[in-house]
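Trainee: Listed below are the residues making up each chain.
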Amino acid sequence: MNTEILEKTVTDLSQIVSGKKFKVAKITAAGEIRRRLLDIGFIKNQTGCVIRKALLKDPIEIEIKGAMVSLRRSEAKLINVEEI
Amino acid sequence: MNTPGPQAPRRMRRRFGRGNHPENKNIIRIALAGNPNSGKTSIFNALTGQHQHIGNYPGVTVEKKSGLINIDGKIIEFIDLPGTYSLSAYSIEEIVSRDFVLNEKPDVIVDVLDSSNLDRHLYLLLQFQELGVPIVGALNMTDEAEEKGIHINGEQLSTILGIPFVKTVGNTGAGIDLLLDVAIKVAGGELESNKRHLNYGNHVELAHNAIIDTLELDNKFKQRYSMHWIAIKLLEKDRDAERKIKNEHQFADMVFSVTTEWRQWLEKHYSEDSEVVIGEQRYAYIHGAIKETVIQFRKRKVIDITEQIDRIVLNRYLGIPIFFAVMFVIYQITFALGNPLSDGISAGCGQLSKLLTDIMPVGVLQDLLTNGIINGVGGVLTFLPLVILLFMGLSFLEDTGYMSRAAFVMDKFLHIFGLHGRSFIPFMISTGCAVPGIMSARVLANRKDRIVTILVSPLMMCGAKAPVVAMLVAAFFPENSTLIFWNVWLFGWLMAFVLALIFKRSLFRGEQTPFVMELPPYRRPLFKNVIIHMWEKSSEYIKKAGTVILAASIVVWFYFPTQNRRRNGWMFIEIILHL
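Chains as they are written, first to last, in this note's numbering: chain P, 1 to 84; chain R, 1 to 579.
With the rest of the complex left out, here is chain P (with noise of 0.2 Å):
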């Protein structure tokens, strides 16, 4: 039981379900989209919430920083997070 808080699982983004909360850890994309990730909130430690997802669960909706931003489950694949 213990081992379960201790171990911090860090998985993609597109592996949180609806309603969960998560930490970013890495971004692991590169050029133009890690840009845009991290201009729209995505830096290390920011705290977010994946709200829903639309149909065949793509795109995936996220509160990050306040505000509601939407990313295609390709572009959630290249965020490593941690969920909380």
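Don't read these hints as lab results, they were simulated from the structure.
Glycine included, each C-beta is placed from N, C-alpha and C at the ideal position.
Be aware that a few hints might be false.
[Said to hold, decoys possible] The list that follows gives simulated cross-link-like pairs (lysine-lysine, DSS-like), each with its CA atoms no further than 27 Å apart: (1) Lys291(R) to Lys23(P); (2) Lys291(R) to Lys65(P); (3) Lys504(R) to Lys77(P); (4) Lys244(R) to Lys64(R); (5) Lys504(R) to Lys57(P); (6) Lys21(P) to Lys291(R); (7) Lys268(R) to Lys246(R); (8) Lys77(P) to Lys23(P).
[Stated by the list, open to error] Derived list of chain P stretches under chain R, where covered just means 3 residues or more per stretch with a C-beta under 8 Å from a C-beta of chain R: (9) 34 to 45; (10) 56 to 70.
[As the list claims (entries may be wrong)] Facing chain P, from chain R, some residues (calculated, C-beta under 7 Å): (11) Tyr90; (12) Asp119; (13) Lys412.
Chain P is fixed; fit chain R onto it per the hints.
Mentor: Leaving out everything else, chain R in the frame of chain P:
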């Protein structure tokens, strides 16, 4: 279509030229900047009223709005910069914004911020500040923020960032006069702005200072740009800044080697890419400033109105039917209301032609007027009701915030064909008529998406093609004409998607453009803004289409002197227009 009107640039240049002379300070130039959804358009409309001029930034398809007003003998020119989240070198809008500031050196930048979303909006403001031009912040939509329990200490924020801030509400006009007053004072040097710049933390500052030392070796270069800005951009691996060094700096090689060295040092220290380090430090600095100046009284209401609406509108299963219902309403307003008006204009032109034929002597002039000019101008005007009504609808969708939701709902399906969620809107409109359909491709922000959508939109069966197809089908397949007709209709859609995919894979290949976008809170659209937007688009259509079509009709009239040949010529023009 992409070049500005022939007079515009010359007039602009003269204006800018005069503004640059220190002894002639009659013209104050204010650049308006801000994130998308910051309410910048409302502020711009409140500042300029009806006195707006629309063109393009030189050489690019980015729309440039400007407005002139006269206050106590002072002429003030407002230039609306494109709404962006950042000032990187990845998008043409961002490059246009910063080049405008660097090259044209406006007297002051007014940056519009959404008060309830301050950190993301300050992120852009601080990047503008780095360009080295005086800046004023408009804390916009303060009413909405107060409602959410967010209180900003504007004075303290000004002290911390070294920038004057004014609270405004663009929709009601509150604070606009004060904003203008402060901006004029900053432009005239009566009020200080930009006393300090963002602190990136000790490590970055060390690297940054070392690069500045190298940059300053070239005196000419030093006078041209803000060294602070160039140094930060070099650390961010900004392609545009690198190009500026390569082309303009006397000791480019030395600058590059110093930059590479410091970048590596930073990356080793933070074990993160230097571009990410700079971005994170920027946000860290903002976080510090906000902590000292913003008080959030009560937590946001558990479920606000936007979320309540989105639970239905973005529902996994209801989202798509709702999108089609919304599009159906827009479509009906455009065509059910617009077509009778178009027919009226068409009939009116016919009457005018007839009248002229009756009263004027038969001859070249009469023929040119009736068959050349009236025919051509009429052709443009018949589309006008459709354009006006369509843009009223689109502006309504954009201003309420639904447009981003439409993209969210439709993106999965369209992305399969390499298109963007918003591409569906031009497609739908094109089933009524390709002319407003193509014009509505403006809803797409990305250039590649826009061009591909425009290229395939006319493949849809439109109101003008349908009767021709129906006639041909009836003639060739009398037994099962309905089935064949619907197959032709479907084939048009199919071809549009297939060709879009082919275009995306061939002509418009390249890096995927990010979908990352904000879903803004729902807002009640301002009637005034919808009308101004509608007016802009319609007059733009008349100017652009009007000049081309009028010229074309005179050419056709000239080259196809007989009735028969002229008809062929018109068919040719129509084919081109439809393509």
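Trainee: State the violated hints by number, sorted upward, taking the hints as numbered earlier in the document.
Mentor: none
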